[in-house]
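S.K.: Given next are the chains, with one letter for each unit.
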Amino acid sequence: MHLILFFVFAGFCLAGAINLLLQSHPINSALSLIVVMTSLAVLYLMLGAEFLAAAQVIVYAGAIMVLFIFVVMLLNAGREERTLGSHAARAVGFPAVVAILAVIATVIVKAQDLGIAKLGEGLTNAPDSTNIETLSKVLFTELLLPFEVTSVLILIAILGAVALASRDEERQAGK
Amino acid sequence: MNALYSHGVPLSYYLLLSALLFALGVVGFLIKRNLITVFMSIELMLNAVNLSFVTFAHQWHAVKGQIFVFFVMMVAAAEAAVGLAIIIAIFRARATLAVDRIDLMKL
Amino acid sequence: MNGSLHLWLIPLLPFAGFLVNGLLGRRLPKWLVTSVALLAPLAAFGVVLCAALQIFTPMELRSWNGPGPIPSAFALPYIEICSHPWINIGALHIDFSFVLDQLSLVMLLVVTGVGFLIHVYSVGYMNDEAGYARYFSYLNLFLFFMTVLVLAGNALLMFVGWEGVGLASYLLIGFYFQKTSAADAGKKAFIVNRIGDFGFLIGMFLLLANFGTLTFAEIATKLGQDPGWNGGVVTVIALCLLLGAAGKSAQLPLYIWLPDAMEGPTPVSALIHAATMVTAGVYMIARTHVLFDHSPFALGVVAIVGAATALFAATIGLVQNDIKRVLAYSTISQLGYMFLGCGVAAYSAAIFHLVTHAFFKALLFLAAGSVIHAIGGEQDLRKMGGLWKKLPVTFAVTTVGVLAISGFWPFAGFFSKDAILYAAFTHGAGGKALWFVGLVTALLTSFYMFRLWYLAFLGKPRGEAAHHHSTPWSMLVPLVILALLSICGGWISGVWMGVGHFGDFLAPSVGAQSVEAGNGSLELILSILAVVVALLGWFIADLFYRQKPTRPAELAAALPGGYKLLANKYYVDEFYRATIVKPLLAISTYFLGWVVDTGLLGGTAWLLGGIATFAGALLQRWQSGNLRSYAAWLAAGAAAVLLFVVVPWPAVLASLSAIHLGGSGH
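Order-wise, the sequence lines are chains Z, D and X. The first sequence runs contiguously to residue 175 in our numbering. The second sequence runs contiguously to residue 107 in our numbering. The third sequence runs contiguously to residue 666 in our numbering.
Be a bit skeptical, because a hint or two may be false.
Within a straight-line C-alpha distance of at most 20 Å, the following computed EDC-like cross-link-like pairs (lysine to aspartate or glutamate) qualify [stated by the list, open to error]:
#, chain 1, residue 1, chain 2, residue 2
1, D, Lys64, Z, Glu80
2, D, Lys64, Z, Glu50
3, X, Lys30, X, Glu163
4, X, Lys187, X, Glu574
A few chain D residues facing chain Z, derived, Cβ under 10 Å [unchecked claim]:
#, residue
5, Leu21
6, Lys32
7, Ala57
8, His58
9, Gly65
Treat the hints as calculated values from the structure; they're not laboratory data. Every residue, glycine too, gets a C-beta built ideally from N, C-alpha and C.
Next comes chain Z alone, as it looks inside the complex (with noise of 0.2 Å):
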């Protein structure tokens, strides 16, 4: 049964994945990643990740996804024209890309000690302390330094985007 709903949900990564690199709109593209995002949280809810697949669904798939869709349509992409291309992209990408995947998955076939997931098994095994609890606690205690930084992070964040997207009429109507 859970390989089952591993093999549906893997497949509706790879089918979004791959969809994403056949279309040939932006916005076609986007909304196939959605679907890669949303499958992917529901793989997480299956290792036991109950709090990151929440908010794989909020912030990335909620969010982010969202804003893409935003600029697409900010920006009126249309379908891809067709340009003058790179042949390196194609003479020197696509073997490193297949020489990555060949690495990764001899090491990862030939690796002797991974486990098996099983259901219902997340950090602990305890029934009295919760996936998000487990996190809160180092979180906000051993790794609060980090946490405080990220979110000075994404202020810094917010106000390049403000700086780099107004624009220039605006600034100086403003003055």
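Go by the hints and put chains D and X onto chain Z.
M.R.: Frame of chain Z, contents of chains D and X only:
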């Protein structure tokens, strides 16, 4: 194989899926011509890595793996915001989103 | 040992003079430049005198009687070593060490004393010249290096002084650097000296290799201890050192620079090319006499070189028309005498001749300078004449000088020349031949010196009488002092003839005379013979230049070939030019210039530049600005890194080669 049916999914499957998603992301980066789509391929790569992390967190029962994923998500969010702002700025400057047309950095 | 002699002051004071005049001279008033320039050698002379008096206190001198070394308050040689070591590598230890013994004391007195007199003379001579301060700074620099050379306790420090005096000589010969001939003469002097220095260097290397030390005292000790040192290596070392001495002291075949060096100002010729620098070679041989004593072959070579040079130069001097050239060839000839003296192991006699020669040759040069200065720069003897009335003091001192150099008793030259000739005559095999050559040379010397005397001063004036400057007292006083020294300089030997007590004085440092002087009748006969020969020379000169002034022209017309040969200095310069200079120039221009410089070096540079440009052009196309190609290369790089890290290459390569080898084995 008998064990699999009753016991669960081998972790190597998750890892292979992660590797495949990553490879597809790189391919997308290489062959797509629209700037926004290239950026989406990058997000796909990030997600593949996230899956890896969660898998290993599950294997070693290490909470730090999941916390890392959390941070990756935050950073990805910030990066997406800034990156899309840059794309908007490029579009305003060059009126095109084709990757091959944005080549001012050549010698 | 009571107190230090402060030997370091002797070189330092002239060096300070050099610095002041060299760096600030142009901005200082003339009187200050003169004062500094004169103070330096005077002070140095003062220090030498003090040292001499401290060593040979008058009290001891009075108590000394009879032969044997003069007692000294200090144990000689007195050694002063700078506390900071110079070279300290492994077994090689070389210090800055100054050594004062009888030999260096004599030399120093000559160098600083005569040097000071010439400095005074130069004040008058160079008064109207541009570059006044530069001249004196160079002179002081020369004094610095010369004193270092004399005081040096090891061969390396002596070599420093050696090279330094060569440098000072170059600077002073080329003093009128705007004249091409002067600049060329300076270069010629330096280069020919360099050839000699090569010999000196090789000698030093051999000394180091065989004795492990360059200190003269240690070498002497080692040579004395081991009776096995004879011939062989010692001969080679001695011959190398002889090459160096020949270069510096203008012996055959490296004498060619000295006549050309007359391009420099006359006081320079007097100081450097008569009294001091050219005698450095003789001094060096006397310093290292232990080496020569152990190698009869080298001594023989020295003697032959000296005698041959003496005769050779004297013959050339017979027909020269430039007054300074006559004196230059005379210097070469007299240096030949000194080498002859060294070659028969009569080192004291050679040094004695060095001292007397310094007196009368400096005197003659300065007198010639006075003549040149008075008649406005004319140097050709054929255009002079009748100057005895206008320049009486100069005439008188020149007469003294000519008499001294010809070897008339009781002037200085008689004693020293007689000592050398006697030592040659009594020196075993071949000595008599050497003596005969020396005698003939004495005849020629007397002849051409009196020729000069007649042509320059006597007879009717042949040149224009314009530009008659009166000679300032700063030029006359040194002349008179040197004349006095030329008269009484020989009397320090304390006997009627020969080297006498002077030889006893020098014996601790240069070894005892092989034959005791004052050996009665033989020496008397030889001395009388020498004086007779000198008179003969005077008589012949009188015949040619006073009684019938057309005789020389007639003789020259009768023997045109011989005359031309002598007048053109046996074409030696032309010979060197054809055999050595031209091939070197050809090699430099064609081989080194075209092949090596343009071809190899230029080609390599061009090649490297070409490679860089080519590679750059090639790699430039990589930077296309295309995002996708950049991404592709990124991926390729990542793949490479991944492959490199993950794959166990040693095992893989081993298995691959095993497969390959195993496959090929079948």
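S.K.: Decide, hint by hint, whether the structure agrees.
M.R.: We went through each hint and held it up to the structure:
The suggested pairing of Lys64(D) with Glu80(Z) is violated, with an alpha-carbon distance near 41 Å, which exceeds 20 Å. For a cut-off of 20 Å, the pair hint linking Lys64(D) to Glu50(Z) stands: about 15 Å separates their Cα positions. For the proposed pair Lys30(X) and Glu163(X), the alpha carbon gap of about 30 Å is over 20 Å, so the pair is violated. A distance of roughly 17 Å separates the Cα atoms of Lys187(X) and Glu574(X); the hinted pair therefore holds under the 20 Å criterion.
The beta carbon of Leu21(D) is positioned within 10 Å of a beta carbon in chain Z (closest approach about 6 Å), and the interface hint is therefore held. For Lys32(D), the suggested interface contact is upheld, since its CB lies about 7 Å from the closest CB of chain Z, less than 10 Å. For Ala57(D), the shortest C-beta to C-beta distance to chain Z is roughly 7 Å, which falls under 10 Å, so the interface hint holds. Interface hint status for His58(D): upheld, as the beta-carbon distance to the closest one in chain Z is roughly 5 Å, under 10 Å.
About 9 Å separates the beta-carbon of Gly65(D) from the nearest beta-carbon of chain Z, less than 10 Å, and the hint is met.
In terms of the numbered hints stated before, the structure departs from hints 1, 3, listed from lowest to highest.
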